[in-house]
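J.: Listed here are the chains, written in short residue letters.
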Amino acid sequence: MSLINVENLKLGYDGKCVVEGITFTVNEGDYLCIVGENGSGKTTLIKGLLGLIGKLGGTLEYADVLSKNHIGYLSQRSEHMADFPASVREIVMSGFLNNRSFGFRYSAFEKQTAEKVMAQVGISSIQKKNFSSLSGGQQQRVLLARALCATKKLILLDEPTSALDPIATSEFYSLVKSLNKNGITVIMVSHDVTAAVRNASHILCLSQAENFYGTTHEFMHSETGRRMLVSDCPCDDCQHLSCKEVRFNA
Amino acid sequence: MLNVFNYSFMVNALIVGVLIAVCCALLGVVLVLKRFSMIGDGLSHVGFGALSVAAVLNFSAPLYFSLPVVMAAAFFLLRITQNSKINADAAIAVISSSALALGVFLASVNGTNINLQQYMFGSILSISETDIAVSIALSVVVISLYVLFYNKIFTITFDETFSGATGIRTRLYNTAISLLTAVTIVIGMRMLGTLLISAMIIFPALTSMRLCKRFFTVVVTSVCVSVCCVTAGLLTSFTCEGIPVSSTIVLCNLLLFAVFSLLSVGKKLINKKKSN
Ligand SMILES: Nc1ncnc2c1ncn2[C@@H]1O[C@H](COP(=O)(O)OP(=O)(O)O)[C@@H](O)[C@H]1O
Ligand SMILES: [Mg+2]
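Protein chains in written order, with the working numbering: chain A, 1 to 250; chain B, 1 to 276.
Hints listed in this document are in silico derivations from the structure and should not be mistaken for laboratory results. Each hint should be verified, as a subset may be incorrect.
[As the list claims (entries may be wrong)] Capping the alpha-carbon separation at 20 Å, the derived lysine to any residue pairs in SDA-like fashion look like this:
{"no.": "1", "chain 1": "A", "residue 1": "K111", "chain 2": "B", "residue 2": "N151"}
{"no.": "2", "chain 1": "A", "residue 1": "K10", "chain 2": "A", "residue 2": "T23"}
{"no.": "3", "chain 1": "B", "residue 1": "K85", "chain 2": "A", "residue 2": "Y13"}
{"no.": "4", "chain 1": "A", "residue 1": "K16", "chain 2": "B", "residue 2": "I86"}
{"no.": "5", "chain 1": "B", "residue 1": "K213", "chain 2": "A", "residue 2": "L134"}
{"no.": "6", "chain 1": "A", "residue 1": "K153", "chain 2": "A", "residue 2": "Y173"}
{"no.": "7", "chain 1": "A", "residue 1": "K55", "chain 2": "A", "residue 2": "D14"}
{"no.": "8", "chain 1": "B", "residue 1": "K34", "chain 2": "A", "residue 2": "E90"}
{"no.": "9", "chain 1": "A", "residue 1": "K129", "chain 2": "B", "residue 2": "N151"}
{"no.": "10", "chain 1": "B", "residue 1": "K213", "chain 2": "A", "residue 2": "S124"}
{"no.": "11", "chain 1": "A", "residue 1": "K16", "chain 2": "A", "residue 2": "L52"}
All chains should be modelled from the sequences, with the hints used to inform the complete structure.
T.: Written as structure tokens, this is what we have:
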């Protein structure tokens with residue numbers, strides 16, 4: 001079932017266009033990676049999908065099951081979180097807020113869900129700790145848990161590994177992959193094309209010249225994909241053809 | 001000491017002082033954590049400019065002029081900080097020093113009916129019935145907002161983009177916070193003066209964050225710190241005649257900040273020893 005349908009979407013700030021001609025579809029269970037150079041408008045697209053900025057043209061349709069209250073979002077970590085006085089648990093629980101308007105206390109069901117989510121991302125043991133005392137990888141897991149509290153269907157991640165060391169990065173990628181296997185649809189912005197190709201089911205590549213959208217396999221065989229990937233495509237078709245070419249050219 | 005309550009101006013000062021202290025602490029936690037402390041400073045300078053203009057124009061109640069002006073400025077400064085194209089720190093510094101310069105200029109040209117010293121450093125004698133009424137209303141609004149929307153305030157302060165993405169109306173909250181800050185500053189300025197009112201907003205939050213590691217405890221401790229400092233400052237200034245109350249309040253804040261910092265260093269040393 002399609003969750004998000006985007007056609008010829010145009011986005012920008014103050015009427016000035018940043019990206020245009022974006023077309024893609026996200027189905028339930030997909031893992032879509034958005035790649036592209038710095039400044040190509042990946043974050044802008046995420047903001048558009050979240051409804052934080054209005055569109056300048058085109059269509060952006062959400063399935064009815066996906067009301068605004070059911071999107072989990074993992075923002076780029078901002079520096080003022082570094083000294084914020086809050087426990088891991090407090091932050092995870094704040095993901096539930098979209099479903100309520102008042103109140104101090106969380107329901108028993110919400111507490112239960114939070115426990116489950118924290119176990120899922122492996123932060124149960126540190127839930128009483130101070131957020132600012134955690135490592136970058138742990139902080140990112142906490143924010144992921146919060147996003148999971150806000151959603152049952154779709155999470156959007158904007159360069160979640162940009163401040164992580166290689167080990168934490170690969171752990172984070174496999175965590176997201178396992179969530180995806182458990183049925184959560186993932187849209188992730190990444191500058192790491194190799195990792196994107198390894199994990200994602202679909203790729204959207206934003207670029208000045210022409211945007212690419214297709215399955216990961218199509219991407220690896222496309223002009224754009226070949227230009228961005230240094231390593232060989234593992235599939236049988238191209239053992240002998242295009243990838244060799246790429247290697248010579250590179 | 002007991003005869004403090006025989007002086008009605010002291011009773012007024014204590015009422016307004018404590019109420020403003022509570023508001024400053026509550027709003028200050030949010031402003032400091034959101035990196036908006038500059039707004040408080042900017043608003044107090046704009047407030048000074050507005051009071052001078054009101055004095056030159058011979059308004060009988062300058063409050064009714066400075067309140068809307070500072071609230072408009074709060075709205076404007078908030079927009080500046082949220083616009084990524086503008087260097088917000090520099091812009092706020094320019095606006096606040098210009099407002100201060102205009103105020104000093106008008107006060108000096110006009111000369112006779114403005115007491116510059118009182119505007120700059122405040123006074124406990126200038127508190128009126130209106131101030132009491134406004135500060136009661138203000139603290140009722142601020143406290144009930146905190147109680148009703150505690151969780152939302154926490155989330156928005158921690159991560160505005162996430163809150164916006166999940167459908168919380170972050171703009172409304174930001175605007176409310178800055179308008180309430182504007183009112184707090186205009187009322188607090190009478191007692192603390194232009195130059196020192198922003199310390200009331202920044203100090204309690206910083207002090208409590210030395211020791212407290214939870215949002216809730218930071219909020220509660222800030223309020224306690226703020227109220228203690230204002231009370232101690234007022235009583236000191238009352239006993240030692242001639243010292244402006246703003247200086248004693250801010251020095252009390254500084255003292256508590258130092259004490260909390262020492263305690264936090266001590267706590268770290270003890271924790272280190274334990275883990276060794
Ligand atoms: N708030 C903003 N106002 C105006 N222009 C912006 C804003 N945010 C980003 N831009 C512009 O939009 C372009 C794309 O930015 P962004 O979407 O952040 O790129 P990416 O995330 O792909 O690196 C950049 O050229 C940037 O200057
Ligand atoms: Mg980006």
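J.: Each of the hints needs a verdict: does it hold here or not?
T.: For each hint, the structure was consulted:
1. A/K111 x B/N151: Holds - the C-alpha atoms of B/N151 and A/K111 are around 15 Å apart, at most 20 Å.
2. A/K10 x A/T23: Holds, because 10 Å separates the two Cα atoms, which is no more than 20 Å.
3. B/K85 x A/Y13: holds, 11 Å
4. A/K16 x B/I86: holds, 17 Å
5. B/K213 x A/L134: holds, 13 Å
6. A/K153 x A/Y173: Since the Cα atoms of A/K153 and A/Y173 sit roughly 18 Å apart, the hinted pair holds (cutoff 20 Å).
7. A/K55 x A/D14: holds, 11 Å
8. B/K34 x A/E90: Cα-Cα ~18 Å, so holds.
9. A/K129 x B/N151: Measuring from Cα to Cα gives roughly 19 Å; hence the hint holds.
10. B/K213 x A/S124: holds, 19 Å
11. A/K16 x A/L52: holds, 16 Å
Figure legend: structure checked against the earlier numbered hints; every hint is met.
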